[in-house]
Amino acid sequence: MRRAAVLAAWAGLLSLQLVVALTYRSYGTWWHWLLHQLIGWGVGLSVAALVIVATRRHVPAVLALVGGQLVSIVPDLAFRFLRMPHERSMDLWLGHISIHTGPSPVVVALAALLLGGWVYAAASFARRRAATAMAVIGVSLVAAACLLARDVPTSLSDYPLDTARVVR
Amino acid sequence: MAEHSSRARRDVAVVAAVQAVAVALVAGWFATGHASAPDDGLVQLDLLSLSERVPGVTAVDGRPTMVVLTCTDLLPVPARELGPAYGLVVSTDPQLARRLSLPLATSECQAGYVLLDGDSLVRYRTYDPGWADHAFEQEVLLEHLEGGHG
Chain A
34 MRRAAVLAAW
44 AGLLSLQLVV
54 ALTYRSYGTW
64 WHWLLHQLIG
74 WGVGLSVAAL
84 VIVATRRHVP
94 AVLALVGGQL
104 VSIVPDLAFR
114 FLRMPHERSM
124 DLWLGHISIH
134 TGPSPVVVAL
144 AALLLGGWVY
154 AAASFARRRA
164 ATAMAVIGVS
174 LVAAACLLAR
184 DVPTSLSDYP
194 LDTARVVR
Chain B
2 MAEHSSRARR
12 DVAVVAAVQA
22 VAVALVAGWF
32 ATGHASAPDD
42 GLVQLDLLSL
52 SERVPGVTAV
62 DGRPTMVVLT
72 CTDLLPVPAR
82 ELGPAYGLVV
92 STDPQLARRL
102 SLPLATSECQ
112 AGYVLLDGDS
122 LVRYRTYDPG
132 WADHAFEQEV
142 LLEHLEGGHG
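Protein chains in written order, with this note's numbering: chain A, 34 to 201; chain B, 2 to 151.
Since the hints were derived computationally from the structure, they do not count as laboratory data.
Be a bit skeptical, because a hint or two may be false.
[Unchecked claim] Take a look, some chain B residues computed to stay more than 12 Å from chain A by CB distance:
hint, residue
1, A23
2, D40
3, L51
4, T73
5, L105
6, G119
7, T127
8, D134
[What the hints assert, rightly or not] Short derived list, chain A residues pointing at chain B, Cβ under 10 Å:
hint, residue
9, G45
10, S48
11, V52
12, G61
13, T62
14, W64
15, L125
16, W126
[Unchecked claim] Just a few of them, taken from the derived set where beta-carbon distance is under 8 Å, the chain B residues facing chain A:
hint, residue
17, E82
18, L83
19, P104
20, S121
21, L122
22, V123
No residue lacks a Cβ here, since even glycine has one placed at the ideal position from N, Cα and C.
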């Protein structure tokens with residue numbers, strides 16, 4: 034019985050993730066899905082690792098992943114369900130605005146997830162120093178990318194005019 | 002202790018699976034010719050950061066208006082049309098596309114659009130080749146302009 038409940042929970046979670054991904058795709062915003070989910074998962078895992086190190090209590094990976102993901106996509110949920118356009122202040126949600134115009138956003142997002150995963154593994158197996166150091170690096174990576182980001186244009190002349198640029 | 006170790010191993014396996022999926026998706030993204038930051042990271046940002054008058058674009062009947070720049074004047078049938086509260090203009094003019102910082106719209110058929118408020122100020126600009134299917138997104142932004150916000 035318990036096994037069936039666990040399987041049902043996993044099936045529900047994976048279905049929900051599929052719905053989220055397909056929704057982003059239907060809006061033509063697959064790139065945004067890549068950025069925000071990976072950043073959310075990565076930061077969630079890094080924070081969970083720090084909690085594990087600090088409290089020596091286990092934090093389930095699913096809780097860390099989904100928690101980080103939710104924090105990361107709050108502005109998109111507000112857009113979809115509250116009809117609220119994005120604002121610069123939404124950087125509070127894991128750099129939701131600045132991450133777009135920072136250096137190599139997709140690479141930074143993937144790096145955040147890979148680091149977050151390794152940090153989480155290190156913390157789970159009591160490699161506390163390594164976990165703490167890598168967690169700080171992981172979160173700092175995202176913060177640094179946001180700090181290095183170009184401002185969102187306030188004039189049309191601020192947009193790129195390079196016609197050789199790949200748009201999508 | 003054994004139970005903790007078993008839980009930890011299981012959770013680390015979950016994380017490794019998520020990482021593997023993410024690596025595959027990112028590899029797919031780059032393998033299909035996409036940039037790490039399409040249009041310098043400014044594609045479909047959904048942030049009303051502009052307030053600029055541009056010659057050649059005017060709000061239809063003083064309503065918030067979407068001006069689409071594309072290389073063809075064959076208007077695709079929108080999956081969901083914009084509501085009647087908003088104006089819609091389609092242009093294939095390369096000069097206008099350039100003035101609106103959307104040069105690829107007419108030169109490489111990568112359509113884009115700008116949104117105007119009722120005073121004909123350009124408030125938002127993005128490339129979006131799938132614009133005809135994204136009425137929800139456009140309406141949320143236009144609705145905000147209608148209310149005089151932003």
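Hint-by-hint comparison with the structure:
Interface exclusion of B:A23 from chain A breaks down, the closest Cβ pair being 5 Å apart, not more than 12 Å. The beta carbon of B:D40 is not kept farther than 12 Å from every beta carbon of chain A, the shortest such distance being approximately 5 Å. With a minimum CB-CB distance of about 7 Å to chain A, B:L51 fails to clear the 12 Å threshold, and the non-interface call is violated. Look at B:T73: its CB is around 17 Å from the nearest CB on chain A, clear of 12 Å, so calling it non-interface holds up.
The beta carbon of B:L105 sits about 6 Å from the closest Cβ of chain A, which is not more than 12 Å, so the claim that it is off the interface is violated. The non-interface label for B:G119 is consistent with chain A: the shortest C-beta to C-beta separation is roughly 16 Å, beyond 12 Å. The claim that B:T127 is not at the interface with chain A is violated, since a C-beta of that chain comes within 12 Å of its own (minimum 10 Å). Against chain A, the non-interface label of B:D134 is violated: not every CB pair exceeds 12 Å, the least being about 7 Å.
Because the smallest distance between the Cβ of A:G45 and any Cβ of chain B comes to about 15 Å, over 10 Å, the interface hint for this residue is violated. Look at A:S48: its Cβ only gets to about 15 Å from chain B, farther than 10 Å, so that hint breaks. For A:V52, the suggested interface contact is broken, since its CB lies about 16 Å from the closest CB of chain B, more than 10 Å. For A:G61, the interface hint holds, since its Cβ comes within 10 Å of a Cβ in chain B; the closest pair sits about 4 Å apart.
Taken as an interface hint, A:T62 checks out: its beta carbon lies about 6 Å from the nearest beta carbon of chain B, inside 10 Å. Checking A:W64 against chain B by beta carbon gives a least distance of about 6 Å; that is within 10 Å, so the hint holds. A distance limit of 10 Å between C-beta atoms decides the matter here; for A:L125 the minimum to chain B is near 14 Å, and the interface restraint is violated. Hint on A:W126 is violated. Least Cβ distance to chain B is approximately 13 Å, over the 10 Å limit.
Below 8 Å, beta-carbon pairs count as interface contacts, and B:E82 has none with chain A, the closest being about 17 Å; its hint is therefore violated. Violation of the interface hint for B:L83 is found here, the shortest Cβ-Cβ separation to chain A being roughly 15 Å, above the 8 Å cut-off. Because the beta carbon of B:P104 sits about 5 Å from the nearest beta carbon in chain A, less than 8 Å, this interface hint is met. At a threshold of 8 Å, the smallest CB-CB gap from B:S121 to chain A is about 14 Å, leaving the interface hint violated.
Among the interface hints, the one on B:L122 is violated; its C-beta lies about 11 Å from the nearest C-beta in chain A, farther than the 8 Å criterion. Taking 8 Å as the C-beta cut-off, the interface hint given for B:V123 holds, the closest approach to chain A being about 7 Å.
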